[in-house]
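Listed here are the chains, written in short residue letters.
Protein chains: 2
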Amino acid sequence: MQAARHVRFMSTSRSLVCSHVHAQKHFLRASTSRAQSRSVASTAAAASQTPPPPPPPSQGRWRYFLQTLGRVTLVTFDPSKKTLVILGSGWGATSLLKGLDTSDYNTACHTFNSAIVVSPKNFFLFTPLLPSVAVGTLNARSILQPTRYLTRHKERQVLVIEAEAKEVDPVKKTVTLSDDSEIQGQISSTTIPYDYLVYAVGAETQTFGIPGVREHACFMKELHDAEKMQRRFLDCVESAAFPGQSDEEKDRLLHMVVVGGGPTGIELSGELRDFLEEDLKSWYPELASRIRITLVEALPNVLPSFSKELIAYTERTFKESDIEILTKTMVRKVNEKSVVLKGPDGVEREVPCGMVVWAAGNTSRQITRDLMAKLPEGQTNKRGITLDDHLRMKGARDIFAIGDCTASSYAPTAQVASQQGSYLSRVFKLLAKKDKLEADLSHAEISEEAEKLKKQIDKIKLKPFHYSHQGSLAYIGSDKAIADLPIFGREWTSGGVATFMFWRSAYLSTLFSLRNRSLVAGDWVRVKLWGRDVSRE
Amino acid sequence: MQAARHVRFMSTSRSLVCSHVHAQKHFLRASTSRAQSRSVASTAAAASQTPPPPPPPSQGRWRYFLQTLGRVTLVTFDPSKKTLVILGSGWGATSLLKGLDTSDYNTACHTFNSAIVVSPKNFFLFTPLLPSVAVGTLNARSILQPTRYLTRHKERQVLVIEAEAKEVDPVKKTVTLSDDSEIQGQISSTTIPYDYLVYAVGAETQTFGIPGVREHACFMKELHDAEKMQRRFLDCVESAAFPGQSDEEKDRLLHMVVVGGGPTGIELSGELRDFLEEDLKSWYPELASRIRITLVEALPNVLPSFSKELIAYTERTFKESDIEILTKTMVRKVNEKSVVLKGPDGVEREVPCGMVVWAAGNTSRQITRDLMAKLPEGQTNKRGITLDDHLRMKGARDIFAIGDCTASSYAPTAQVASQQGSYLSRVFKLLAKKDKLEADLSHAEISEEAEKLKKQIDKIKLKPFHYSHQGSLAYIGSDKAIADLPIFGREWTSGGVATFMFWRSAYLSTLFSLRNRSLVAGDWVRVKLWGRDVSRE
Numbered sequence: 001m002q003a004a005r006h007v008r009f010m011s012t013s014r015s016l017v018c019s020h021v022h023a024q025k026h027f028l029r030a031s032t033s034r035a036q037s038r039s040v041a042s043t044a045a046a047a048s049q050t051p052p053p054p055p056p057p058s059q060g061r062w063r064y065f066l067q068t069l070g071r072v073t074l075v076t077f078d079p080s081k082k083t084l085v086i087l088g089s090g091w092g093a094t095s096l097l098k099g100l101d102t103s104d105y106n107t108a109c110h111t112f113n114s115a116i117v118v119s120p121k122n123f124f125l126f127t128p129l130l131p132s133v134a135v136g137t138l139n140a141r142s143i144l145q146p147t148r149y150l151t152r153h154k155e156r157q158v159l160v161i162e163a164e165a166k167e168v169d170p171v172k173k174t175v176t177l178s179d180d181s182e183i184q185g186q187i188s189s190t191t192i193p194y195d196y197l198v199y200a201v202g203a204e205t206q207t208f209g210i211p212g213v214r215e216h217a218c219f220m221k222e223l224h225d226a227e228k229m230q231r232r233f234l235d236c237v238e239s240a241a242f243p244g245q246s247d248e249e250k251d252r253l254l255h256m257v258v259v260g261g262g263p264t265g266i267e268l269s270g271e272l273r274d275f276l277e278e279d280l281k282s283w284y285p286e287l288a289s290r291i292r293i294t295l296v297e298a299l300p301n302v303l304p305s306f307s308k309e310l311i312a313y314t315e316r317t318f319k320e321s322d323i324e325i326l327t328k329t330m331v332r333k334v335n336e337k338s339v340v341l342k343g344p345d346g347v348e349r350e351v352p353c354g355m356v357v358w359a360a361g362n363t364s365r366q367i368t369r370d371l372m373a374k375l376p377e378g379q380t381n382k383r384g385i386t387l388d389d390h391l392r393m394k395g396a397r398d399i400f401a402i403g404d405c406t407a408s409s410y411a412p413t414a415q416v417a418s419q420q421g422s423y424l425s426r427v428f429k430l431l432a433k434k435d436k437l438e439a440d441l442s443h444a445e446i447s448e449e450a451e452k453l454k455k456q457i458d459k460i461k462l463k464p465f466h467y468s469h470q471g472s473l474a475y476i477g478s479d480k481a482i483a484d485l486p487i488f489g490r491e492w493t494s495g496g497v498a499t500f501m502f503w504r505s506a507y508l509s510t511l512f513s514l515r516n517r518s519l520v521a522g523d524w525v526r527v528k529l530w531g532r533d534v535s536r537e
Numbered sequence: 001m002q003a004a005r006h007v008r009f010m011s012t013s014r015s016l017v018c019s020h021v022h023a024q025k026h027f028l029r030a031s032t033s034r035a036q037s038r039s040v041a042s043t044a045a046a047a048s049q050t051p052p053p054p055p056p057p058s059q060g061r062w063r064y065f066l067q068t069l070g071r072v073t074l075v076t077f078d079p080s081k082k083t084l085v086i087l088g089s090g091w092g093a094t095s096l097l098k099g100l101d102t103s104d105y106n107t108a109c110h111t112f113n114s115a116i117v118v119s120p121k122n123f124f125l126f127t128p129l130l131p132s133v134a135v136g137t138l139n140a141r142s143i144l145q146p147t148r149y150l151t152r153h154k155e156r157q158v159l160v161i162e163a164e165a166k167e168v169d170p171v172k173k174t175v176t177l178s179d180d181s182e183i184q185g186q187i188s189s190t191t192i193p194y195d196y197l198v199y200a201v202g203a204e205t206q207t208f209g210i211p212g213v214r215e216h217a218c219f220m221k222e223l224h225d226a227e228k229m230q231r232r233f234l235d236c237v238e239s240a241a242f243p244g245q246s247d248e249e250k251d252r253l254l255h256m257v258v259v260g261g262g263p264t265g266i267e268l269s270g271e272l273r274d275f276l277e278e279d280l281k282s283w284y285p286e287l288a289s290r291i292r293i294t295l296v297e298a299l300p301n302v303l304p305s306f307s308k309e310l311i312a313y314t315e316r317t318f319k320e321s322d323i324e325i326l327t328k329t330m331v332r333k334v335n336e337k338s339v340v341l342k343g344p345d346g347v348e349r350e351v352p353c354g355m356v357v358w359a360a361g362n363t364s365r366q367i368t369r370d371l372m373a374k375l376p377e378g379q380t381n382k383r384g385i386t387l388d389d390h391l392r393m394k395g396a397r398d399i400f401a402i403g404d405c406t407a408s409s410y411a412p413t414a415q416v417a418s419q420q421g422s423y424l425s426r427v428f429k430l431l432a433k434k435d436k437l438e439a440d441l442s443h444a445e446i447s448e449e450a451e452k453l454k455k456q457i458d459k460i461k462l463k464p465f466h467y468s469h470q471g472s473l474a475y476i477g478s479d480k481a482i483a484d485l486p487i488f489g490r491e492w493t494s495g496g497v498a499t500f501m502f503w504r505s506a507y508l509s510t511l512f513s514l515r516n517r518s519l520v521a522g523d524w525v526r527v528k529l530w531g532r533d534v535s536r537e
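Line by line, the protein sequences give chains L and A. Under our numbering, the very last position in the first sequence is 537; numbers go up by exactly one each time. Under our numbering, the very last position in the second sequence is 537; numbers go up by exactly one each time.
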């Protein structure tokens with residue numbers, strides 16, 4: 001299925017774009033699985049039928065007519081431009097959107113849009129700082145960037161749809177999506193066609209089927225997870241402060257168990273320790289000394305992706321901070337008021353606790369499993385989507401997959417997804433060029449010209465994706481961070497307060513916008529001056 | 001029932017207080033309705049029995065023993081000191097806590113506490129700025145102040161309990177409370193005795209029994225109301241942006257109905273208009289011009305507490321801002337996708353809308369109605385608690401009631417509650433003095449001394465509460481505010497941009513702490529620089 005029209009703007013002034021979009025009738029029908037072919041004339045008719053919206057447009061009828069006429073005459077078919085649909089708004093999708101030349105694409109659905117972004121969240125979340133939100137070091141909104149902030153000032157408008165992708169049909173080349181939020185319009189699900197699909201839906205939290213995890217543990221993946229954890233943690237503290245609570249019950253309520261010794265679990269434990277030392281000791285002096293943090297990891301050590309020195313350094317720092325690390329320990333069950341652990345001795349014991357935070361890895365989303373099941377030949381890896389060297393999904397040449405939904409040799413990190421996204425933005429530049437040449441070729445009448453075009457097409461070569469590791473960073477609490485950095489081919493390791501300053505500056509510079517940078521820096525100053533807030537919202 | 005013990009501190013150093021509180025065993029038993037009499041010896045025994053908490057205290061045994069001994073010898077009974085229980089953490093309670101001399105009181109429950117504060121929220125919420133939170137002008141946490149920030153550094157520790165008061169027994173003089181939050185300890189409800197009770201539980205939103213209000217409307221009273229409204233509003237915008245939505249449905253989704261023409265409704269409409277003009281027009285150009293705000297008020301005009309000029313000025317400003325005001329209009333029903341209005345012509349019509357915000361007044365909470373029912377002679381006003389001139393609840397001399405739970409000649413405003421709270425802090429100073437003298441009198445052996453004490457007691461006179469109106473302020477959007485200020489006995493009215501600056505500085509100075517002042521001011525700068533966030537959390 002091909003994208004429909006090629007549109008050139010005479011002007012990109014806001015009023016023009018604005019009134020223009022008004023003139024668009026709903027080109028997408030609910031549950032329509034293919035783009036409807038419509039003539040230029042029907043577009044004009046649709047535009048003239050539009051009833052004036054309640055605060056009526058301030059422009060005169062003549063001006064409106066002339067503008068419409070002007071636009072219609074400029075609408076020309078350009079079947080070489082394709083429809084690009086991007087599923088997701090995380091690291092991969094955002095990085096791609098940042099680099100994408102939107103003028104290379106147009107959608108089959110909306111006349112004046114280029115790419116389509118579909119995500120249940122209308123924002124990008126800077127996930128590495130989520131543990132800071134969970135203890136109130138950062139405001140939630142400081143690490144959000146609305147996707148429209150990125151797409152709004154692109155050369156051609158990007159259609160952002162807040163909806164959850166429900167099904168991908170790699171044969172018909174369509175995506176079915178649905179608005180599952182609390183408030184829904186008359187139309188809340190639809191099917192859109194794509195020429196190229198970027199599949200960047202991420203993953204969901206892996207619970208390994210352990211009973212009670214989904215019911216009783218807090219995750220640390222989405223913004224609402226961090227907010228829930230903050231609320232619960234302070235709820236534990238307040239419940240422990242309830243008059244008449246026994247010492248034993250206080251100790252239970254104030255025992256926090258973090259499962260997962262990866263960067264998220266480590267950073268969360270470190271942040272919790274900071275919250276305890278820097279704030280709770282002042283405001284809950286009678287309880288603070290009872291708060292305990294235990295980190296549980298199934299492997300023989302925490303932070304498997306870091307070097308041995310840094311692992312030892314982290315373990316030492318945690319010991320000084322009274323954070324207990326239990327390695328080679330499995331979680332067997334999570335109850336409402338306890339967690340059942342199986343230690344290296346093979347003995348199961350029930351540990352009372354107030355809260356369990358689950359930061360123990362990823363697994364594929366349902367939609368990913370469904371999509372893979374439709375391509376049984378190429379897709380057999382249970383961990384996620386198998387790719388070729390150019391990040392194409394094996395078995396579906398027009399689907400590119402990036403980030404945590406894929407199974408590659410790289411770790412499921414923001415860094416990998418981000419590099420994949422920016423690689424794809426370069427790929428799509430070349431693909432657009434190639435598609436244009438191929439369209440020209442199909443219309444070429446003279447064989448000489450065709451020969452020339454063929455040569456040009458052959459020249460376009462996509463380089464395979466190559467991941468360049470920039471290093472690993474983690475905050476471990478007490479104003480200390482650790483860093484594993486490859487410099488001139490050698491591994492350079494560093495830990496301590498200076499590394500913490502480096503961690504902060506690295507994170508600041510990785511934040512996509514100056515706005516977010518200043519918000520995060522402002523929050524750091526706020527916490528330095530005023531401490532963290534202990535209100536339980 | 002009298003409070004139990006009189007405690008003097010030799011030192012108020014944190015470590016002392018801290019380890020001290022550790023030493024306290026749970027003096028309050030669940031569902032115990034009276035204070036248990038315990039000897040000094042039993043306190044010492046309890047202290048020595050305390051098992052060392054998991055991260056053990058760093059002090060040596062000898063030091064611990066000496067400290068305990070020192071403290072025990074200082075614990076002396078002072079039956080003249082009474083137990084003060086404060087229900088609530090809003091304007092009234094916070095203002096009282098700010099002025100209260102905690103050394104005048106001790107509780108029957110916890111040896112080293114003075115007053116007891118019970119509230120389902122562990123923070124004070126600066127309600128007048130709630131509409132600003134609802135559109136993202138302010139961060140939620142900028143207008144919160146944890147109650148412990150206020151009580152923590154008082155001369156004697158104040159026991160803050162995060163729980164909901166369920167029942168007040170004015171005969172037994174007890175309050176039953178319960179922790180209804182998600183996480184509860186073994187003990188989650190208890191009954192505490194009081195000598196004096198300050199009843200400042202506020203009110204809940206009045207729905208006048210209109211069908212659908214509770215199910216479909218957003219309130220604007222608590223923090224979660226503002227957050228819910230923000231989420232819903234952006235949900236409406238995103239649902240309207242869903243591809244294929246008809247123009248009619250877009251108009252419905254983007255029609256916001258605010259019910260109630262008081263300051264809350266007016267400020268919310270103004271803030272919504274700012275959000276629309278300053279942010280949504282940039283990020284949703286294709287939808288922004290369809291967003292409509294309608295303000296519904298049953299009375300003949302909005303802002304009944306303001307002067308006529310300012311009402312006219314507000315109506316004019318709203319007209320310029322395209323905010324429709326429907327006066328003399330009643331809401332008959334709220335549906336999921338519409339609101340049924342009855343206009344001055346008596347005709348009912350169904351108006352489609354995306355969201356209804358309900359800011360239409362207060363009504364008594366269940367606990368207040370229950371308490372009033374127990375005192376049928378003095379309490380007959382359905383609006384709330386009837387008071388005498390000293391803010392005592394009629395029919396219960398030991399209960400003082402302040403704020404929105406009362407029915408007085410004053411408007412239910414923050415200003416009134418705040419002045420009542422600070423009046424009570426002076427009352428409790430005098431009451432403590434009187435109680436001390438009366439206790440001395442009961443022990444006086446020489447009649448001459450008794451006569452002298454009697455005279456001193458007679459001299460203590462409580463002045464009746466007098467409300468001094470400092471003026472009314474409201475923000476009406478477009479960087480304009482209105483102010484009605486009584487200056488030298490004359491009413492001075494002002495509206496416009498200069499008044500907006502005054503509004504800001506007045507609100508800043510009313511915020512209880514420098515911390516909150518700097519956070520709110522910081523948010524204003526943030527919005528000026530970066531605009532409001534359109535992420536739907």
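No wet-lab data here; the hints were simulated from the structure. A hint or two may mislead.
Pairs involving identical chains hold if they fit within one copy or between any two copies, as the list cannot separate such chains.
Stated by the list, open to error - Straight-line Cα separation of at most 25 Å, SDA-like style, residue types lysine to any residue; simulated pairs:
| no. | residue 1 | residue 2 |
| --- | --- | --- |
| 1 | K528 | Q470 |
| 2 | K528 | D101 |
| 3 | K333 | Q186 |
| 4 | K461 | P211 |
| 5 | K528 | L511 |
| 6 | K221 | S181 |
| 7 | K337 | I367 |
| 8 | K394 | P304 |
| 9 | K281 | N335 |
| 10 | K166 | S246 |
| 11 | K281 | R148 |
| 12 | K459 | S422 |
| 13 | K172 | P352 |
| 14 | K172 | P304 |
| 15 | K281 | R231 |
| 16 | K452 | D169 |
| 17 | K121 | K228 |
| 18 | K459 | L514 |
| 19 | K154 | A411 |
| 20 | K121 | S246 |
None of these values were measured; they are calculated from a predicted model.
Hints, verified against the model:
| no. | hint | in the structure |
| --- | --- | --- |
| 1 | K528 to Q470 | neither (29 Å within a copy, 36 Å between copies) |
| 2 | K528 to D101 | neither (41 Å within a copy, 30 Å between copies) |
| 3 | K333 to Q186 | between (43 Å within a copy, 21 Å between copies) |
| 4 | K461 to P211 | neither (50 Å within a copy, 66 Å between copies) |
| 5 | K528 to L511 | both (21 Å within a copy, 21 Å between copies) |
| 6 | K221 to S181 | both (19 Å within a copy, 24 Å between copies) |
| 7 | K337 to I367 | neither (33 Å within a copy, 31 Å between copies) |
| 8 | K394 to P304 | neither (30 Å within a copy, 69 Å between copies) |
| 9 | K281 to N335 | neither (28 Å within a copy, 49 Å between copies) |
| 10 | K166 to S246 | between (49 Å within a copy, 22 Å between copies) |
| 11 | K281 to R148 | between (42 Å within a copy, 12 Å between copies) |
| 12 | K459 to S422 | within (22 Å within a copy, 82 Å between copies) |
| 13 | K172 to P352 | neither (53 Å within a copy, 38 Å between copies) |
| 14 | K172 to P304 | neither (42 Å within a copy, 62 Å between copies) |
| 15 | K281 to R231 | within (18 Å within a copy, 34 Å between copies) |
| 16 | K452 to D169 | neither (36 Å within a copy, 95 Å between copies) |
| 17 | K121 to K228 | both (17 Å within a copy, 16 Å between copies) |
| 18 | K459 to L514 | neither (39 Å within a copy, 66 Å between copies) |
| 19 | K154 to A411 | neither (31 Å within a copy, 52 Å between copies) |
| 20 | K121 to S246 | between (43 Å within a copy, 23 Å between copies) |
In summary, the structure is inconsistent with hints 1, 2, 4, 7, 8, 9, 13, 14, 16, 18 and 19 from the numbered list given earlier, while agreeing with the others.
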